[in-house]
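Engineer: Based on the sequences and whatever the hints tell you, model everything.
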Amino acid sequence: MASGSEEGGTGIQIDEYESLISTTDVELLKRAWRHEKAAPEILQYEGTLVQRIREQIQLMVETVEEFAESGIDPLTVSLYEMDLDRTQFLLRSYLRIRLHKIEKYMIHILKTDLWNRLSEQEQKFAKRCTDDLGKHLEQSVLSRLPDGYKSLLKQSTASEEDDMVSEPQLDTFVICKSKRDLGTFQLDDSGGVPVELLAGNLNILRYKSIKPLVESGQIDLV
Amino acid sequence: MYGREARQLVKELSSGENGQLKAFNSDMVDQVTKACSVHHLELQSLIRKIQEEGLDTQTTRNADHFGALIHHLALIRNKRCLMAYVYNRADSIRNLRWKVGNVLPQEIKGKLSHPEQEYFKNHDTALNLYMSALDLDLTVDFVPPKDPYIQVRVIDDIGEVFLSDKKTNLVCHSIHFLKRNDAEQYISQGLMEELMG
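Just so you know, the sequences run in chain order A and B.
Its first residue numbered 1, the first sequence is counted upward by one per residue in UniProt numbering.
Its first residue numbered 1, the second sequence is counted upward by one per residue in UniProt numbering.
Honestly, the hints are just simulated from the structure, not real lab data.
Everything numeric in this text was worked out from a predicted model, so none of it was measured.
By construction, the Cβ of each residue, glycine as well, lies at the ideal position given by its N, Cα and C atoms.
Each hint should be verified, as a subset may be incorrect.
[What the hints assert, rightly or not] What follows is a set of in silico ranges between Cβ atoms, one per label pair, in the way DEER data are often shown:
#1 A:Lys37 x B:Lys99: 18 to 24 Å
#2 A:Asp181 x B:Lys146: 34 to 40 Å
#3 B:Thr57 x A:Asn116: 42 to 48 Å
#4 A:Val165 x B:Ile70: 23 to 29 Å
#5 A:Val195 x B:Ala23: 46 to 52 Å
#6 A:Phe173 x B:Ser37: 43 to 49 Å
#7 A:Thr76 x B:Pro144: 19 to 25 Å
#8 A:Phe173 x B:Ala63: 27 to 33 Å
#9 A:Lys211 x B:Pro144: 27 to 33 Å
#10 B:Leu163 x A:Asn116: 38 to 44 Å
#11 B:Leu129 x A:Phe185: 39 to 45 Å
[Said to hold, decoys possible] Below, in silico cross-link-like pairs of lysine-lysine (DSS-like), each with a Cα-Cα straight-line distance of 25 Å or less:
#12 A:Lys177 x A:Lys208
#13 B:Lys99 x A:Lys124
#14 B:Lys11 x A:Lys154
#15 A:Lys135 x B:Lys121
#16 A:Lys30 x B:Lys146
#17 A:Lys135 x B:Lys22
#18 B:Lys34 x A:Lys154
Structural biologist: Next up, the structure:
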């Protein structure tokens, strides 16, 4: 019969605020941000999460304005403002990190199925960036080279594959922690010693070996 | 020839301090391009020689073939060095857009070649299109916020400006308490400094 929440003037407002913030979403955004920062390649765009966060930020902005006008204690208002700032920072930083990865590996992303991990606006941005860079390289270098060596992607027409495209280094080391015991895990096919992944232990492994675990959400990057 | 000038170009790239661009070395670039043409001519004449002797260009393995191979390898090495030079400078230019904003200071502009200035403008447009499609400004908030308001001292006379919540007169040497987002653009241009402590 006893309920968890308190009833009372300010109590109701604080409860409403908490449901506004919905800490689960901010935690999800923080996790997506951490992953994007740690992983060497671009990860799947969290479209629905970003959409929800933006709506919540909008709500928070309106609430803070209301509070400021209704004369609530300025310390409380500035605490809410700070929380708002921090959520906005997370969102901006998340999008910025993705943009940097796109800028760095644009040609590679265009060529492979990493393209599907981008949002619609990011795809437009990537296309424009690639066109700009291609035009720039053509103008400065490629148009002045002899025939047969003018390609942007291949060193010369004798090359069998696109050997001038820079790719993200997938065997970079990352620090990771798993949420549950995952048992012994074979790191790669070369027959190295299998690694035991226990809950809460920090491991430093190559990104390539744990890529499937990261994608399925069983391991967190720190 | 044989990659020596190209090595100079790459050395120039690595000798600059992190992120600092040097003036675009168009002389060296021209020299490397000319070396490429020379290599190409030599390559073609050697291949012709093989054909005139009646041998198959694909499978012959005589001295001419290997000579042609060396020219080909020198050519692609030059190409790689040239591309690396221009590509890495383009990388620095993109970073400039994030650090300095969409107006290039005169000293930096002088170091860029004309195509590079064009590239900067194009990249700026692409970025602005993306940010307006999202309706979100991504060039603020670079540092995790500790306080929503920060204290700043104005270095250059900015005059009267409309900030997000009020109108202020930013006179030289005056100290203000501004919202972090508003102050960031002036700080990055060097017109204001943050007062710590």
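Engineer: Next step is simple, just say for each hint if it's right about the structure.
Structural biologist: Okay, the hints, checked on the actual structure:
About 19 Å separates the C-beta atoms of Lys37 of chain A and Lys99 of chain B, a value consistent with the hinted range of 18 to 24 Å. A hinted range of 34 to 40 Å for the beta carbons of Asp181 of chain A and Lys146 of chain B is consistent with their spacing of about 38 Å. Between Thr57 of chain B and Asn116 of chain A the Cβ separation comes to about 43 Å, which falls inside the hinted range of 42 to 48 Å. Between Val165 of chain A and Ile70 of chain B the beta carbons are some 26 Å apart, a value that agrees with the proposed interval 23 to 29 Å.
Checked against the hint of 46 to 52 Å, the pair Val195 of chain A and Ala23 of chain B passes, with Cβ atoms roughly 51 Å apart. Distance hint for Phe173 of chain A and Ser37 of chain B: a CB-CB separation of about 44 Å, consistent with the stated range 43 to 49 Å. The hint said 19 to 25 Å for the Cβ distance between Thr76 of chain A and Pro144 of chain B, and at roughly 22 Å that hint holds. For Phe173 of chain A and Ala63 of chain B, the hinted distance range of 27 to 33 Å is not satisfied, since their beta carbons lie about 48 Å from each other.
Checking the proposed 27 to 33 Å range against Lys211 of chain A and Pro144 of chain B shows it holds: the Cβ atoms sit about 28 Å from each other. At roughly 41 Å, the beta-carbon separation of Leu163 of chain B and Asn116 of chain A lies within the given 38 to 44 Å, and the hint holds. Between Leu129 of chain B and Phe185 of chain A the C-beta distance comes to about 44 Å, which sits within the given range of 39 to 45 Å. Distance check on the hinted pair: Lys177 of chain A and Lys208 of chain A sit about 15 Å apart at the alpha-carbon level, within 25 Å; holds.
Only pairs whose Cα atoms come within 25 Å are accepted, and Lys99 of chain B paired with Lys124 of chain A is accepted, the gap being roughly 23 Å. With a C-alpha separation of about 24 Å, the suggested pairing of Lys11 of chain B with Lys154 of chain A holds against the 25 Å cut-off. For the hint linking Lys135 of chain A to Lys121 of chain B, the alpha-carbon distance of about 13 Å falls within 25 Å, and the restraint holds. A hinted pair counts as satisfied when its Cα atoms are at most 25 Å apart, and Lys30 of chain A with Lys146 of chain B qualifies at roughly 17 Å.
The straight-line distance between the Cα atoms of Lys135 of chain A and Lys22 of chain B is roughly 22 Å, inside the 25 Å bound, and the hint therefore holds. For the suggested pair Lys34 of chain B and Lys154 of chain A, the alpha carbons sit about 20 Å apart, so the restraint of at most 25 Å is met.
Going through the hint list in order, the structure does not satisfy hint 8, though it satisfies all others.
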